[in-house]
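**Student:** Taken in order, these protein sequences are the chains called A and B.
Just so you know, we're using our numbering here: the first sequence kicks off at 1 and counts up by one.
Just so you know, we're using our numbering here: the second sequence kicks off at 1 and counts up by one.
If you're looking for bench data, these hints aren't it; they were derived computationally from the structure.
Careful: at least some of the hints might be erroneous.
[To be verified] Restricting the straight-line Cα-Cα distance to at most 30 angstroms, the calculated cross-link-like pairs of lysine-lysine (DSS-like) are:
1. B:Lys52 x A:Lys83
2. A:Lys15 x A:Lys78
3. B:Lys52 x B:Lys77
4. B:Lys68 x A:Lys78
5. A:Lys78 x A:Lys62
6. A:Lys44 x A:Lys15
7. B:Lys52 x B:Lys68
8. B:Lys56 x A:Lys44
9. A:Lys44 x A:Lys78
10. B:Lys52 x A:Lys44
11. A:Lys44 x A:Lys71
12. B:Lys56 x B:Lys68
13. B:Lys68 x A:Lys44
14. A:Lys11 x A:Lys44
15. B:Lys77 x B:Lys56
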Amino acid sequence: EAGVAQSPRYKIIEKRQSVAFWCNPISGHATLYWYQQILGQGPKLLIQFQNNGVVDDSQLPKDRFSAERLKGVDSTLKIQPAKLEDSAVYLCASSPLRGRTDGYTFGSGTRLTVV
Amino acid sequence: GDSVTQMEGPVTLSEEAFLTINCTYTATGYPSLFWYVQYPGEGLQLLLKATKADDKGSNKGFEATYRKETTSFHLEKGSVQVSDSAVYFCALGTQGAQKLVFGQGTRLTINP
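Just chain A, same shape as in the assembly:
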């Protein structure tokens, strides 16, 4: 089966600009996650969707970050305006079963550099 697709692979922007990342999960996977991985740290959950509804966005900086999964399939994560500390790899993951963390599949990520 095809894996979790993410684009773009790399992005460089200036601070205060906006940026968007796209994720297409594995077909049929109901749960989709966005993680932020800052250099030298482990990934941190930003937001979790179940179909097109938000399950957990407690660690999403909502003043600048937004995410949507309108049709319960692919998802977009947006940052507006970007700050230097947003430089990180943004990972998308999907899982077929609610409540099953061992079913995760991660995408290759988008590396964002804010200058």
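Since chain A is already given, all that's left is putting chain B on it; use the hints.
**Tutor:** Below, chain B alone, put in the same frame as chain A:
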């Protein structure tokens, strides 16, 4: 809250050496425990997992045992290879919230 603490890196070993990467956790309830690996330029891959106390996860010669009494899940391999060079992440899967909480990662370099 739930958290994972990993042995700090980087770790550099010679080929065929014995590997241990320590991992301890703090969690409410009964989490599942995982080791993920990230090879250069690639995404996170599940290496092994254990879902309850005393379970042993194993894959590609790596092993880890879920120790509830010491809240640990140390990763071991008896003889490492150059191809094992990567960043290793210990993680727990929270009950209820179904999310993964990661440690900070340990960079492993194996020299021939």
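**Student:** Take the hints in turn and mark each one as holding or not.
**Tutor:** Hints versus structure:
With a C-alpha separation of about 41 angstroms, the suggested pair Lys52 of chain B and Lys83 of chain A falls outside the 30 angstroms cut-off, and the hint is violated. Between Lys15 of chain A and Lys78 of chain A the alpha-carbon distance is near 14 angstroms, which keeps this suggested pair within the 30 angstroms criterion. For a cut-off of 30 angstroms, the pair hint linking Lys52 of chain B to Lys77 of chain B stands: about 21 angstroms separates their Cα positions. For the hint pairing Lys68 of chain B with Lys78 of chain A, the CA-to-CA distance comes to about 40 angstroms; that exceeds 30 angstroms, so the pair is violated.
Distance hint between Lys78 of chain A and Lys62 of chain A is fulfilled; the C-alpha atoms sit about 10 angstroms from each other, no more than 30 angstroms. Proximity of Lys44 of chain A to Lys15 of chain A is assessed by CA-CA distance (about 22 angstroms); at most 30 angstroms being required, the pair is judged to hold. Restraint check for Lys52 of chain B and Lys68 of chain B: satisfied, since their Cα atoms lie roughly 8 angstroms apart, inside the 30 angstroms limit. Among the hinted pairs, Lys56 of chain B with Lys44 of chain A is consistent with the structure: their alpha-carbon atoms are about 26 angstroms apart, no more than 30 angstroms.
Simply put, Lys44 of chain A and Lys78 of chain A have alpha-carbon atoms about 16 angstroms apart, close enough for the 30 angstroms limit, and the pair holds. Using a Cα cut-off of 30 angstroms, the hinted pair Lys52 of chain B and Lys44 of chain A holds, with the two alpha carbons roughly 23 angstroms apart. About 25 angstroms separates the Cα atoms of Lys44 of chain A and Lys71 of chain A, which keeps this hinted pair within 30 angstroms; it holds. Between Lys56 of chain B and Lys68 of chain B the alpha-carbon distance is near 12 angstroms, which keeps this suggested pair within the 30 angstroms criterion.
A threshold of 30 angstroms between alpha carbons decides the hint, and for Lys68 of chain B with Lys44 of chain A the separation of about 24 angstroms falls inside it, so the pair holds. Annotation: proposed proximity of Lys11 of chain A to Lys44 of chain A holds, straight-line Cα distance about 20 angstroms (limit 30 angstroms). Taken as a hint, the Lys77 of chain B and Lys56 of chain B pair is honoured in the structure, with Cα atoms around 13 angstroms apart against an allowance of 30 angstroms.
Taken one by one, the earlier hints fail for this structure at numbers 1 and 4, listed in ascending order.
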